[in-house]
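There are 2 protein chains.
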Amino acid sequence: MIPTKQDVLGTYERVKPWVHRTPVLTSTYLNEITGASLFFKCENFQKMGAFKMRGAVNAIQNLSDEQKNHGVVTHSSGNFGQAVALAAQKLGITAFIVMPENAPFVKKEAVKNYGGHVILCPSTMKDREETSQQVIKEKGATFLHPSNDMDVILGNSTATLELLEDHPELEVIIPPVGGGGLLAGTALAAHYYGMNCSVIGAEPIRVNDAYRSLLSGKIETNSSSETVADGLRTQLGDKNFPIIKSLVKEIICVEEEEIIQAMRLIWERMKIIIEPSCAVPLAAVLKEKEKFKNKKVGILLSGGNVDLSNLPF
Amino acid sequence: MIPTKQDVLGTYERVKPWVHRTPVLTSTYLNEITGASLFFKCENFQKMGAFKMRGAVNAIQNLSDEQKNHGVVTHSSGNFGQAVALAAQKLGITAFIVMPENAPFVKKEAVKNYGGHVILCPSTMKDREETSQQVIKEKGATFLHPSNDMDVILGNSTATLELLEDHPELEVIIPPVGGGGLLAGTALAAHYYGMNCSVIGAEPIRVNDAYRSLLSGKIETNSSSETVADGLRTQLGDKNFPIIKSLVKEIICVEEEEIIQAMRLIWERMKIIIEPSCAVPLAAVLKEKEKFKNKKVGILLSGGNVDLSNLPF
Numbered sequence: 001m002i003p004t005k006q007d008v009l010g011t012y013e014r015v016k017p018w019v020h021r022t023p024v025l026t027s028t029y030l031n032e033i034t035g036a037s038l039f040f041k042c043e044n045f046q047k048m049g050a051f052k053m054r055g056a057v058n059a060i061q062n063l064s065d066e067q068k069n070h071g072v073v074t075h076s077s078g079n080f081g082q083a084v085a086l087a088a089q090k091l092g093i094t095a096f097i098v099m100p101e102n103a104p105f106v107k108k109e110a111v112k113n114y115g116g117h118v119i120l121c122p123s124t125m126k127d128r129e130e131t132s133q134q135v136i137k138e139k140g141a142t143f144l145h146p147s148n149d150m151d152v153i154l155g156n157s158t159a160t161l162e163l164l165e166d167h168p169e170l171e172v173i174i175p176p177v178g179g180g181g182l183l184a185g186t187a188l189a190a191h192y193y194g195m196n197c198s199v200i201g202a203e204p205i206r207v208n209d210a211y212r213s214l215l216s217g218k219i220e221t222n223s224s225s226e227t228v229a230d231g232l233r234t235q236l237g238d239k240n241f242p243i244i245k246s247l248v249k250e251i252i253c254v255e256e257e258e259i260i261q262a263m264r265l266i267w268e269r270m271k272i273i274i275e276p277s278c279a280v281p282l283a284a285v286l287k288e289k290e291k292f293k294n295k296k297v298g299i300l301l302s303g304g305n306v307d308l309s310n311l312p313f
Numbered sequence: 314m315i316p317t318k319q320d321v322l323g324t325y326e327r328v329k330p331w332v333h334r335t336p337v338l339t340s341t342y343l344n345e346i347t348g349a350s351l352f353f354k355c356e357n358f359q360k361m362g363a364f365k366m367r368g369a370v371n372a373i374q375n376l377s378d379e380q381k382n383h384g385v386v387t388h389s390s391g392n393f394g395q396a397v398a399l400a401a402q403k404l405g406i407t408a409f410i411v412m413p414e415n416a417p418f419v420k421k422e423a424v425k426n427y428g429g430h431v432i433l434c435p436s437t438m439k440d441r442e443e444t445s446q447q448v449i450k451e452k453g454a455t456f457l458h459p460s461n462d463m464d465v466i467l468g469n470s471t472a473t474l475e476l477l478e479d480h481p482e483l484e485v486i487i488p489p490v491g492g493g494g495l496l497a498g499t500a501l502a503a504h505y506y507g508m509n510c511s512v513i514g515a516e517p518i519r520v521n522d523a524y525r526s527l528l529s530g531k532i533e534t535n536s537s538s539e540t541v542a543d544g545l546r547t548q549l550g551d552k553n554f555p556i557i558k559s560l561v562k563e564i565i566c567v568e569e570e571e572i573i574q575a576m577r578l579i580w581e582r583m584k585i586i587i588e589p590s591c592a593v594p595l596a597a598v599l600k601e602k603e604k605f606k607n608k609k610v611g612i613l614l615s616g617g618n619v620d621l622s623n624l625p626f
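Residue numbers (my numbering), protein chains in the order written: chain A, 1 to 313; chain B, 314 to 626.
Check each hint, because a few of them may be wrong.
As the list claims (entries may be wrong) - Residues from chain A that face chain B, not an exhaustive set, calculated with beta carbons under 7 Å:
hint : residue
1    : F39
2    : K68
3    : I272
4    : G304
Hints were generated in silico from the structure; no laboratory data involved.
The model shown is predicted, which means the values in this text are computed figures rather than measured ones.
C-beta: ideal position from N, C-alpha, C; glycine also.
Same shape as in the complex, but just chain A (with noise of 0.2 Å):
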């Protein structure tokens, strides 16, 4: 079922003490280049560096306060389980984080300094679910999926609801498409509140099981998990593809050397840290500048979060 206007606005009130408003901003250069105005909201200056933080921040508010007292679970190397670890910490209930061994210090680092209890397991897929599985046996710690969850993906929906409080003149706007949380979003957010705003996705065409399942109408899987785009390699779910099915008008993929492309021009132009997934979308204009000329373009910045000794440039 799809969630209601009601639903998005009672989960703003719920999210809004807990995160920062993200600034939009604009760029002479990158709409001269692009025909289009763009506006990028920058949830790279969001709490710990992404939009995550408002998802985590939503599902565990959201918790009973049983749930609340045996406290939370999800595996993750990435910006999720970093948003999980502050939100707990804030909310005060204790979180714990499943992380391959192999990710690198600085993440686990991250999630330690958030007060975030890591556990080191190997790093197959299979190892991580069952690390889980004993998390949540052992602690009787709750689950939280990093985007097939609604309360994430109502959580990420107020991102767009800002974005459009401040620009209610957006005909389109643009997220990158992961695990399709923060697509499913999107949606929610345009749908209720543009005025005649839609939302496209932009993915790695190395990773686009949404594009393919937004074609056939059933979730596709990737074949490979490989794309500069490292927030971008998790697959759909049950829980946002309808979302997405029902609200979303297109999906554009890019080339692994148009996101490059792109993420250099938003460092250089625009002076700000973008993650390489969240330059997908400014790809995607790029690639289609057709589609978007003359029109007023919402762009999400979903993070920041990048190893600065390991850049794609």
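Keeping the supplied structure of chain A fixed, place chain B upon it in accordance with the hints.
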């Protein structure tokens, strides 16, 4: 003679239509590790990516019509060259930018993209000055100095004027110190518009002519210009030093490693791109934490033009 409060205000009215009012950012994490409340004035988001736009706009506007007809000339391989080119373009006059032959391709291109006429010469200071003299002679162009020019100093003061409008409670403001033009401008605005707000300069120890000049009371020179803070290699001048001597309390010197560490902290934690030069003030706060403890401190992030292929980390 030190400019008056009216001079600063008049400058702001003149400069305002041509520059961005840049945002002031804060960082919970950086406040925690320094023990101070830091307010970062983001001139890295300024047009052409640096505060230099302010001085260039003001200096050009103050020319006579006769001077404007013959254009302006400066020698710079850095931000001031770009600033003069862009300001001249916006104000409809001709700009000649003398640049060393070995200047990076992207810097030459940036000046050309802003409509500047690039004039190449050998890379010694003598050659640059002689080439500039030739342009003055042949074209009748007016020479603009990047830091030792009262109109440039007054233009620079407008960044601090805005910062104090947004945060009148600031107790100290720290600009980086290179040629002294930003330090002098900051000191003027803080003197006239601050509520008991002092100004402390931050300078790389390797090129600390301003630090030594403030101690000796006369203009000292640097024996080397080697520092990662490439915008701060220039020398103090006879126009800005009297203002600095009269209004600046202190200059803090920092090591190369401290600059690089502070730069990385700002990139990683604030998710914004700054030049090494403007990491110098944060490095100074980190070095002398006791001095700034519980203080409200303004930090001028002077620019964001950095070669992404050649980062110091």
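Now for the hints, and whether the structure bears them out:
1. F39: At about 15 Å, which exceeds the 7 Å cut-off, the nearest Cβ of chain B leaves the hint on F39/A violated.
2. K68: Check failed: Cβ of K68/A comes no nearer than 24 Å to chain B, outside 7 Å.
3. I272: holds, 6 Å
4. G304: Constraint on G304/A satisfied, holds at 4 Å.
Of the numbered hints stated above, those contradicted by the structure are hints 1, 2, listed in ascending order.
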